[in-house]
Structure formats: C-alpha cells, structure tokens
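Number of protein chains: 2
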Amino acid sequence: MRTMDRRDFTASFLGALGTLALPVHLPWQTGLRVDGSRISAHLALLSELGKNPQGGISRVAYSEADHQARELAMGWMREARLDPTVDAAGNIVGRRAGRDPSLKPLVIGSHIDSVPEGGNYDGQVGSAGAIEVARTLDAGGVTLRHPLEVMIFQNEEGGTIGSHAIAAGLTTEELDRVAQGGKTIREGIRFLDGDPDRIDSARRTKGDIAGYVELHIEQGGILDERKIRIGIVEGIVGIRHWEVTIEGFANHAGTTPMNGRKDALLVAAWCVEAVNRIVRSVPGRQVGTVGKLRVEPGAYNVIPGRVVFGVELRDLDDTKVTGLWRRIEAECRRHAEAAGTRFTASENLAIMPALTDPRFRRAISDAARKLGLSTLSLPSGAGHDAQEMSRLGPMGMIFVPSVGGISHSPKEFTRPEDIENGANVLLQVLLDLDGA
Amino acid sequence: MRTMDRRDFTASFLGALGTLALPVHLPWQTGLRVDGSRISAHLALLSELGKNPQGGISRVAYSEADHQARELAMGWMREARLDPTVDAAGNIVGRRAGRDPSLKPLVIGSHIDSVPEGGNYDGQVGSAGAIEVARTLDAGGVTLRHPLEVMIFQNEEGGTIGSHAIAAGLTTEELDRVAQGGKTIREGIRFLDGDPDRIDSARRTKGDIAGYVELHIEQGGILDERKIRIGIVEGIVGIRHWEVTIEGFANHAGTTPMNGRKDALLVAAWCVEAVNRIVRSVPGRQVGTVGKLRVEPGAYNVIPGRVVFGVELRDLDDTKVTGLWRRIEAECRRHAEAAGTRFTASENLAIMPALTDPRFRRAISDAARKLGLSTLSLPSGAGHDAQEMSRLGPMGMIFVPSVGGISHSPKEFTRPEDIENGANVLLQVLLDLDGA
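Respectively, the protein sequence lines represent chains A and B.
Residue numbering for the first sequence follows the numbering used here, beginning at 117 and increasing consecutively.
Residue numbering for the second sequence follows the numbering used here, beginning at 117 and increasing consecutively.
Please note: incorrect hints may appear among the correct ones.
Copies of one chain are not kept apart here, so a pair can be met inside one copy or by any two copies together.
[To be verified] Only pairs whose alpha carbons sit at most 35 Å apart, straight line, appear in this in silico DSBU-like list of lysine-lysine:
#1 LYS167 with LYS322
#2 LYS299 with LYS167
#3 LYS486 with LYS299
#4 LYS299 with LYS527
#5 LYS527 with LYS343
#6 LYS486 with LYS343
No wet-lab data here; the hints were simulated from the structure.
Quantities reported herein were computed from a predicted structural model and do not represent experimental measurements.
Whenever a hint applies, use it, and build me the whole structure from the sequences.
The structure is reproduced here in structure tokens:
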C-alpha cells in the first residue's frame, strides 16, 4: 500500500476531475484564503530597499536596491516552493507543475522596480500578491490542472522591458538603450543575472501561455472616490514616447538683445504648453505629459542653446494618439522655426493598446461577487506588463483602490484590506480559469 | 659713482618729472607697443585647459582646469616680474612698485574662469592683455608713478565672486553657497590656495586704488557689426538673479486625468514665456533670461512635481529691473495658483549698475585716436569685475569686437589684431592716467 498525504490525494483527485474537464469549484478550494498579514509584511520589507529620506522608494531598474528586492522576492518564491529562476532577459520566473502536462501555463505576476521617488505599492502589490496566491495553493495542497508560473518582470517602469523581451524580444538597438539609472538595458540585464547574449531564449510565442492575470493598484482615483473594492480592467491604454530636441544657440544672456536670440528653452516652453492644450482640445480620457526636460548648458547667464524633453501620450485608441502627436509636432516645429531654432523628434517607445479577455473579466466579476466585493469596469491609464503578455494569450487585470488616486509618488497608498481582497480575487480567478 | 642701467635712469628721471606733476607722455613711452603674438600664444595655451570636445572651454571656477590656468597665468606674471600672490579670497594679485610711494595703485586685470561650454576670449583677453601690458612696461624700462597691480579675479562667471570679496567682502552665507562646479565658494577658495578663514584680509575700501581699467571682449555684436575697433564703455548693467520654485504634485502620468493635475512644468513653461514677454514689453535695452531649469523627478511617466528655474534680469537702471521683476513675480504667482501649485522665489544675486569714470572714458578715446583706431561709446550688457572694482575708485573699460556678437559659447571669437589693439589702448590709457 502506498501512503498518500492530503496533497497527493487532492492532486490525484483533481487530476481525475481535470481529465473529465469539469469545472473545479470544490468547497475546500473556493474557501481558500491568502494570508493578508504576510503580504503586508512582505511589502514592508520591500519598502526598505531603495527607501527615500522623505518616504517611498527610488528603486529604479538595474539599481543595487532593485537587485536586493529581487533576491528577497526569490526567497519568498522558494518558501512557496516555486523554484524561481532568472530567464535570459532578467525576469524572475517561479514554476509550479500542473496536473495536466499537455496544458500551457497560467501566468500571474507583476514587477518590483519603481520610478525615481516612487511609492511602495505600484507593482509590489501584484508581485507579493501573486507569490502569496502560489503559497496559499501550496499550503492548501491544491495543484492546478495548468502549470502555474509567477513572474516578476524586470524594468517595467522603463517601458515594460522584461515582459517585452518575453512577448516580442529585444533588438540590439533596444539592448543598447540607456535606461533611467544610467546602465544600458544590456548591462542592466547582466546586472540582474540575465544573459543578454541569449536574450531570445526568454522569448515566448502566441499560445505559449493559457493566460495571464495581474493584480495591480489602480494608480488613479476612480475606485477610491466611488468606494469600489475591485476594478475589472477593460483594457490598457497604448503608450508612446517621443524625445524632442530644440537646437537654439547658446549665447551671452547679458549682451545678446532680446530680438537677437535663439532661445531653445523659450521654444520648449511653448511646446510644453502646446502638448497640454492640444491633448485637452478633444473629448475623451487621453492624457499627454512632458515629464522630463533638460536645459543645456544650464546657467543663469547663458541663453539655452539646446533643450531635450520627453512627450508621452496615452489612450485606448492609437489612431487618436497618432492624430494628437501630428498636431503637437506641427505646432512645435512652427514655434521652433519662428524662433530660428531647429526641431527634431524621435519616437522611442510605442506600446499598443491591449484589451482584456471577456472570459477573464467575467471570472474577476464572479470571484468578487462570491467574496462580497463591489466591482467597477474601467480602463487602465497606466501601462502594465499585462499589455505585453496579452500578445501571448488571453489577459485580465484586477485593480484595487489607490487612496486619493496618488501613484508614482512617495504618497502612494493602498489599504491592507484592499490588497488582501485583490489577492483573494486573484486566487479565485486562477481557480476559475484553471477549471474552465 | 653708482652704476645706473636704463631702467634705473628712466625711473629716476620719471620720478623727478612725477614730483613736478607734469603729464608724462614721453616719446619712448607713447611709442611702447605690446607683443600681440605673445598674447595670442598665451590665449592658445589657455584654450587647452578645460577644452570641450566641440571646441571652446568648460573651465568653471574651482575646477582642476581653472586651477591649472591660474598656475599658467602666474608663470607669465613672474616673467613680467609681477611677483604674483594669491590673496585670501583666491584672487591672483601681481604687483609692480611705482615711483611715488604715496600713491595708490592703478589696477588692471580680468578673469580666466568660464561658463560651462564657454569660449576662449571672455576674460582671457583682458587677463593675458593686462599681463602683457605689465611685461611691456617692464621690457621698456618704464616704471609708473603709481604702483601697478594686475589682478586675475576668481569665479567671475559665478557672480564676480573674487572681485566682490575685494570690494565688498563675502558673508558666511555667501561663502557657503554652492558654486556651479559643486563646491561651496568656501571650498573653492581653499582649492585655489586662498584662505576663506581670513577672507577679510583681501578686502579693500573706497580710495584704496587710484583706478581700475579692464580690457574685455564686447560679447555683443555692436562693434563687429559697425566695424568699430574700440568700444568705450559707458557703464555696466546691473544683474539680478532669482531662483524660482514651482511645487506641484508628482503623480502617475497615465492615470491622472488632465484636469486633475498639479503639473509644475506646465506652470514653469508659462513663467518662461512670461519672463520673455514682460521684458520685451517696455522699450529699452534690458534683457531677461531663464537659462537654467530643473524638473523633478524627471521621467516620461511622472507628472513633474517640482521645477526650479533661474531668472536673470539686466539693465543700467535698477528701478526698471525691480519693476519688471514685480510684474514677472505677480504673473507667475497667478499662474501657479491657478494650477494648484505653489510659487516661491528667492533673490540670490544683486549687482548694482556701475557707470564708468568720464576721465577714464576720455583717456580711452585719446589713446584710440593716437593709435588710429575708431571708437564707439556703448553700455556693457555683461557684468564684469570692473563693476565691483568701481566701488573702490574710478573705473573704465575697453571693449574689442566679438565676431558675430557670439559669447559664452565655443564659437566666441575675437581677431588677434583687435586683441593687440585693445592691449595697446590699455597700455596707453595706463600711461595717461599715471601721468594725470
């Protein structure tokens, strides 16, 4: 007689069920709950790495703090028996076998890098939540039909680089781009123990995954304002970045008369105003931002000779974004020429909008209802790794409220109970999709 | 019998003339000429220190290159038997005794630090020219009635710091201010072998000098445009600097709707436009510049939470500058409040306008006429150490043309013959003032 513990028993029992292709909503599974206090404790530990003096974190991808946070997450993955490895693109991938070897994996995850002077929730809630869901399954002795993968993607904030490497690959040009912290992406991947020379080995193709679900804070204020607990994401806006350069002429600020100047900053100021005005000139939820701007040479007494700034546009409709950019470009070019300066722009990021899968949205809605949580369908104004992963298979996203809608800021905050709710919804959605 | 060389003879002869208070325009003096090729050679050597890849120099005060350039200049002073020392404020002072110990020194000089990405002429022409004038006197065996001092002032580009220390002293607050290169002024002075703890020993008071004359490139385009060889400076404009901070709120650029933003850069852009418009709104030669601007945190996907920028205003009439600033401040404050942001401004430089002495202007005019050089009277839009030195005694300035009016730029250029002309005018003016 072979001894069989509860986990083995469950596995074999569910395995049998799986082959019958029945929905698997067994009471001891739908009754499973994550440990919210453990997620909180993990988030508290993460908040120490790259901590700002004024609160929040500056844990830019490829920094020492980023590396440390990943080590921490891999430790938790090991505790959840996820057997984490780092793929060639520098993403952390934790795996748990499923009962049916013919099935493609269900993937959950997020990121743990941050913007400069960012907060403690963006990406981290989804990462800690996904690991906790895997741990809860393990502790509950539940083995899914599908293999489960928990992914922590590298450099989300620099343009979903890690998930892009998985879903679309990285070109040599992209690998050589300098990321926020000063390293090239190639150097960054190496720093994170990836292998840029074998980058293609990290890549997957359409159909390689059964689906992807990401838990994330809303980062906007809609759920918080309306006191809704769970957001069902309709789709993720496209994001495009242009780097604009205005070349004027650096000259003496005291001796060059006002009408003899080629002031690059004056032109850039007109452009910043134009971006804002043009984006607001049409109805809709599109947004446009000039978030970075550098003045050269940058002294009180020198007329700016060169200004480089970044324009970001986002919307669910890429045609609209293209139209807005054309207007911005035309007006800035006009301003530049009128002031005797030169306008150039290069697009350096183009992430297409991504819609979520209706089946995934229904699973989120069902899970929330069972857990007694109110829901609202809404688009995501922020980009996410989920956007990249939707190239590989159906995708869904669960939002939890951000207090005051504040994000990418040390003041970012999501209540512990909302994080716990979100992770429980993720767990139930996973069980639902696994059984479907 | 005491042997007497030509120099001793001249000295005793002129000494006798001096006591008779006769004008001293002896033929072998007015016939003295500087060595233009030596000035050119010295300027070429200076252009190697802090050289930019694209030409010109970045020899910001207190940098290694600044220190090296000063060592070079001190070597040339020694060759001119000027016996250079560094005063407690970090200025280089070369001395040559006069025939009449009761007289105060005539002072000539300029500076050799530069703005970031500056050129090879601003300050350097006057410094090399003044040393060459002293060397020409020495080689010609001419000892003036007055003691002669050649000064190379430290950190002119950061707000005439060295000459200000001599003419007005530096407060503890000023010493602790961080200069362009990152060092505090105190650290910078120490780096240049000055002694900030004894800073007051460098200070002089009104009447301590018989006069100050500075040779400088125009830095504007008036002389070059009109093909005039020598500019007779009427006065130096006042310069005032304000540091403006706009405090908005750093938030996620994707999830924060356009009408829910507190975008510090948008407000700063309005302010940059306002500075330009307001300065141009009244007749006159006043100038206003926003030359530096820093965005925080500075990423594509974060709404700027904080922008710090510098406003500079210049005019010969300080009342006009004050009036313009009041209008700029009021409009920027209005913009900031309308956008839910906070405006603060602090003045961190105020140099009052300085008029040149009529006697000195006449001496320049006479010297140029004797040398067959055309002249034009004009104001200086640039600030100079001469402005500070005018607190101590009568002051004059000689301008030579800047090709195309370009300055504070690697493209700054003044023709060797114009530099030689300027130095010859300086020499003759010195002889004139000494004899007067």
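Hint check results:
{"no.": "1", "hint": "LYS167 with LYS322", "result": "neither (38 Å within a copy, 54 Å between copies)"}
{"no.": "2", "hint": "LYS299 with LYS167", "result": "both (20 Å within a copy, 27 Å between copies)"}
{"no.": "3", "hint": "LYS486 with LYS299", "result": "neither (47 Å within a copy, 63 Å between copies)"}
{"no.": "4", "hint": "LYS299 with LYS527", "result": "both (28 Å within a copy, 33 Å between copies)"}
{"no.": "5", "hint": "LYS527 with LYS343", "result": "within (19 Å within a copy, 61 Å between copies)"}
{"no.": "6", "hint": "LYS486 with LYS343", "result": "within (18 Å within a copy, 88 Å between copies)"}
Violated hints for the displayed structure, listed by number in ascending order: 1 and 3.
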